[in-house]
Amino acid sequence: MLKFIAFFRRFQVFLVFLILQVVALSSYFSVMSFPRTKFFNSANTITGTLLSWERNIIKYLYLDEANQKLQAENVALEKRIPDNFISVDPKTSIINDTINKLVFERIPATVVNSSHTHANNYFTINAGTEKGIEKKMGVVSSDGVVGIVYDVSKHFSIVKSILTSNINISAYVKGSNAHGLIKYETKDPRRVKLTGISNDIIIKKGSKVLARGSGGYFAQGEPIGIIENMQPVEGKPMWDLTVRLNQDMRRLHYVYIIKNIHQEELQTLEKNIQELQ
Amino acid sequence: MNNILTHIIRFIIFVLAQGLIFGQLDFGYGIHPMIYPLFIIMLPFDTRPVVLMALAFLIGIGVDFFMNTFGLHASAAVLIAYIRPSIFTRFAPRDDYDLLKEPTANEWGYAWFIKVALSLFFIHHLWFFTLEYFKWTAWKEIAMSTLLSVVVSVIISVLIQILFFKRSKNI
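Here the protein sequences line up with chains A and B, keeping their order.
End of the first sequence sits at 277 in my numbering; the numbers just go up one at a time, nothing left out.
End of the second sequence sits at 171 in my numbering; the numbers just go up one at a time, nothing left out.
Which residues of chain B face chain A? A few of them, derived with a C-beta cut under 8 Å, are: (1) Pro49; (2) Phe70; (3) Leu72; (4) Val78.
Just so you know, the hints here were simulated from the structure itself, not pulled from any lab data.
All C-beta atoms in this analysis are idealised placements derived from N, C-alpha and C, irrespective of residue type, glycine included.
Work out the full structure, taking the sequences as your base and the hints as a guide.
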């Protein structure tokens with residue numbers, strides 16, 4: 001025992017170093033693998049509040065741009081509902097897709113903190129469980145898909161941005177209907193890769209890439225971007241497709257969280273089939 | 001007592017400055033300026049290594065709260081706190097340090113400060129970016145982010161030293 005204490009005293013500094021490293025790194029890597037910890041992130045009340053204050057100060061810089069966008073969005077929405085059969089209240093608007101009988105509800109929110117230069121990017125929004133946000137809901141802006149909700153607290157949520165290496169949003173190319181997965185590989189926050197499309201399928205440059213709506217995160221046909229560049233992958237019969245995102249993630253301020261009312265039904269139905277997960 | 005209070009205030013200012021200002025800056029080219037390691041560099045010479053690492057861990061977590069990095073900053077900060085004593089010994093002046101003075105550029109000269117800051121920031125950033133990318137194929141991005149960020153961080157640290165840490169007038 002005395003020897004043990006002597007040993008500990010001798011290597012005290014190194015042992016404390018090891019313990020602190022294990023605590024920090026296990027937290028980091030466990031969060032990278034599955035969303036569990038609710039501790040080291042900005043959905044936390046104190047930092048969330050501070051970041052909201054910061055946001056309140058700088059939001060005036062973007063008012064002009066935001067107004068123009070909202071105006072354009074209003075025009076588009078009005079075209080979609082020529083007769084006011086679907087009521088639109090100012091807080092949430094509901095899009096009824098009468099052919100598929102799917103109902104998507106959109107909850108508006110503002111981005112209070114974001115990153116786009118890292119290998120894995122997240123952003124914080126000022127809506128949480130109180131507004132009905134849950135984990136794994138899709139998030140879009142007026143221009144297209146931006147991410148999936150990753151963690152929620154009462155007033156804030158963290159969204160895994162489309163600029164994350166394992167985001168894997170299922171998407172298809174308009175015109176050819178071939179579908180694959182969106183992945184973020186490059187350092188360029190304007191572009192993502194569309195993987196898993198066989199190179200015997202003819203794809204045109206400039207065709208639109210749309211969300212496929214699998215998993216019920218997004219409405220089918222939610223825009224993502226356009227195909228900017230295509231090259232065959234060396235040694236594989238696949239296309240290497242570069243997609244330019246519609247939404248510039250560096251200038252993301254206003255988003256909508258998509259609530260799929262049939263999500264539970266979809267999940268119970270697909271639960272038993274491994275291949276659909 | 002007064003001294004401890006100074007360091008507590010410094011701690012809060014560094015976390016807020018990193019979380020609200022420097023963490024939000026966007027330079028492109030993979031540059032992420034980090035200034036909170038400066039807090040660890042400027043703790044008194046006679047801080048015990050265990051206390052040094054505990055404080056580094058706390059400031060790291062503080063920054064993690066803001067940046068959604070879940071413990072990555074804490075890990076890098078603890079690493080440089082662990083290494084700090086050997087770096088200080090390596091660059092010690094001929095007649096060793098005066099423990100009463102603070103480890104700032106004004107007390108020990110800018111050449112000394114830049115040498116220490118470059119070594120510690122380099123280790124910190126290399127550790128941080130390596131863990132962030134965590135694959136060998138990304139070594140180009142890791143190298144570029146590390147080198148460019150070190151340059152920017154050290155320049156900002158020197159500016160902070162010039163602007164906020166003037167030579168103490170008492171004594």
